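Peer 1: Below, each chain spelled out in residue letters.
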Amino acid sequence: AIQMTQSPSSLSASVGDRVTITCRASQGIRNDLGWYQQKPGKAPSLLIYAVSSLQIGVPSRFSGSGSGTDFTLSISSLQPEDFATYYCLQDYSYPWTFGQGTTVRI
Amino acid sequence: QVHLVQSGAEVKKPGASVKVSCKTSTYTFTGNYIHWVRQAPGQGLEWMGWINPNSGGTNYAPNFQGRVTMTRDTSISTAYMELSRLTSDDTAIYYCTKVRHSGSSSLFDYWGQGTLVTVSS
Chain A
1 AIQMTQSPSS
11 LSASVGDRVT
21 ITCRASQGIR
31 NDLGWYQQKP
41 GKAPSLLIYA
51 VSSLQIGVPS
61 RFSGSGSGTD
71 FTLSISSLQP
81 EDFATYYCLQ
91 DYSYPWTFGQ
101 GTTVRI
Chain B
1001 QVHLVQSGAE
1011 VKKPGASVKV
1021 SCKTSTYTFT
1031 GNYIHWVRQA
1041 PGQGLEWMGW
1051 INPNSGGTNY
1061 APNFQGRVTM
1071 TRDTSISTAY
1081 MELSRLTSDD
1091 TAIYYCTKVR
1101 HSGSSSLFDY
1111 WGQGTLVTVS
1121 S
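Residue numbers (the numbering used here), protein chains in the order written: chain A, 1 to 106; chain B, 1001 to 1121.
Hints were generated in silico from the structure; no laboratory data involved.
Because the structure is a prediction, the values reported are computed rather than measured.
Glycine is no exception: its CB is placed at the ideal position from the N, C-alpha and C atoms.
Check before you lean on any hint, since a few could be wrong.
[As the list claims (entries may be wrong)] With a straight-line Cα cutoff of 30 angstroms, these simulated DSBU-like cross-link-like pairs (lysine-lysine) come out:
{"no.": "1", "chain 1": "B", "residue 1": "K1023", "chain 2": "A", "residue 2": "K42"}
{"no.": "2", "chain 1": "A", "residue 1": "K39", "chain 2": "B", "residue 2": "K1012"}
{"no.": "3", "chain 1": "A", "residue 1": "K39", "chain 2": "B", "residue 2": "K1019"}
{"no.": "4", "chain 1": "B", "residue 1": "K1023", "chain 2": "B", "residue 2": "K1013"}
{"no.": "5", "chain 1": "B", "residue 1": "K1012", "chain 2": "B", "residue 2": "K1023"}
{"no.": "6", "chain 1": "B", "residue 1": "K1013", "chain 2": "A", "residue 2": "K42"}
{"no.": "7", "chain 1": "A", "residue 1": "K39", "chain 2": "B", "residue 2": "K1023"}
{"no.": "8", "chain 1": "B", "residue 1": "K1012", "chain 2": "A", "residue 2": "K42"}
{"no.": "9", "chain 1": "A", "residue 1": "K42", "chain 2": "B", "residue 2": "K1019"}
[Claimed, not checked] Far from chain A by the CB rule (all over 12 angstroms, computed), these chain B residues:
{"no.": "10", "residue": "S1021"}
{"no.": "11", "residue": "H1101"}
{"no.": "12", "residue": "S1104"}
{"no.": "13", "residue": "V1119"}
Using the sequences provided together with the hints, build the complete structure.
Peer 2: Next comes the structure, spelled out in structure tokens:
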């Protein structure tokens, strides 16, 4: 199975900060990578798919980049509602695998 | 608006089975695969597998092979996930999620609210 390694596992930031989360795949996954946000007690929600495509309704401060094995989720100016846990997911090969998550704290 | 509504919380004894339902609405049920993802308390997300509601075909993660069965009832647009031989490690929230394809990529665009399954003697 492809392993997805996210870093950092948690970070502290302030409103207005730029935040970057990385996800490294144990082998190449083309552009078959998405990012999901999860708030406490809620189901995950899709932010970005195919590395850099923004899901409809997701604010433009979120962006994704990368290729091959190294991928990045960026939040350009952190807002209060962005404090949450973020997961990457590879859908390149079965079994699909998530990163272990990055919690963004105030 | 697409809706995925899951069945309520369950408490099971070790060794028992649990069956979680996921009722969908406002889209063509047979047109999109349904995947299942679980999350143990305080832990990350784990992909379990999918069912093709049109054909009934399935694909299970190796971690669950032999213990999980995904089925569907197209007459009521509902998918099911049954997990057998439960242990305390299966205590988790189980989510169903609808997949959409964009080019070669797949994405989970709608999620159920989650079903808490607690395994305890």
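Peer 1: It remains to establish, for every hint, whether it holds in the given structure.
Peer 2: We went through each hint and held it up to the structure:
A hinted pair counts as satisfied when its Cα atoms are at most 30 angstroms apart, and K1023 (chain B) with K42 (chain A) qualifies at roughly 18 angstroms. For the hint pairing K39 (chain A) with K1012 (chain B), the CA-to-CA distance comes to about 27 angstroms; that is within 30 angstroms, so the pair holds. Of the supplied pair hints, the one linking K39 (chain A) and K1019 (chain B) holds, its CA atoms being roughly 26 angstroms apart against a limit of 30 angstroms. Between K1023 (chain B) and K1013 (chain B), the direct Cα distance comes to roughly 25 angstroms. Compliance with the 30 angstroms bound is thereby established for this hinted pair.
Proposed proximity of K1012 (chain B) and K1023 (chain B) is supported: the alpha carbons are some 22 angstroms apart, at most 30 angstroms. Only pairs whose Cα atoms come within 30 angstroms are accepted, and K1013 (chain B) paired with K42 (chain A) is accepted, the gap being roughly 26 angstroms. Note on K39 (chain A) and K1023 (chain B): the hinted pairing holds, with a Cα-Cα distance of about 23 angstroms set against a maximum of 30 angstroms. For the suggested pair K1012 (chain B) and K42 (chain A), the alpha carbons sit about 23 angstroms apart, so the restraint of at most 30 angstroms is met.
For a cut-off of 30 angstroms, the pair hint linking K42 (chain A) to K1019 (chain B) stands: about 21 angstroms separates their Cα positions. Every Cβ of chain A is farther than 12 angstroms from the Cβ of S1021 (chain B); the closest lies at roughly 16 angstroms, confirming the non-interface assignment. Once the 12 angstroms rule is applied to beta carbons, H1101 (chain B) is inconsistent with being away from chain A; the minimum gap is 10 angstroms. Annotated as non-interface, S1104 (chain B) brings its C-beta within 12 angstroms of a C-beta of chain A; the closest such distance is 7 angstroms.
The non-interface label for V1119 (chain B) is consistent with chain A: the shortest C-beta to C-beta separation is roughly 21 angstroms, beyond 12 angstroms.
Taken one by one, the earlier hints fail for this structure at numbers 11, 12, listed in ascending order.
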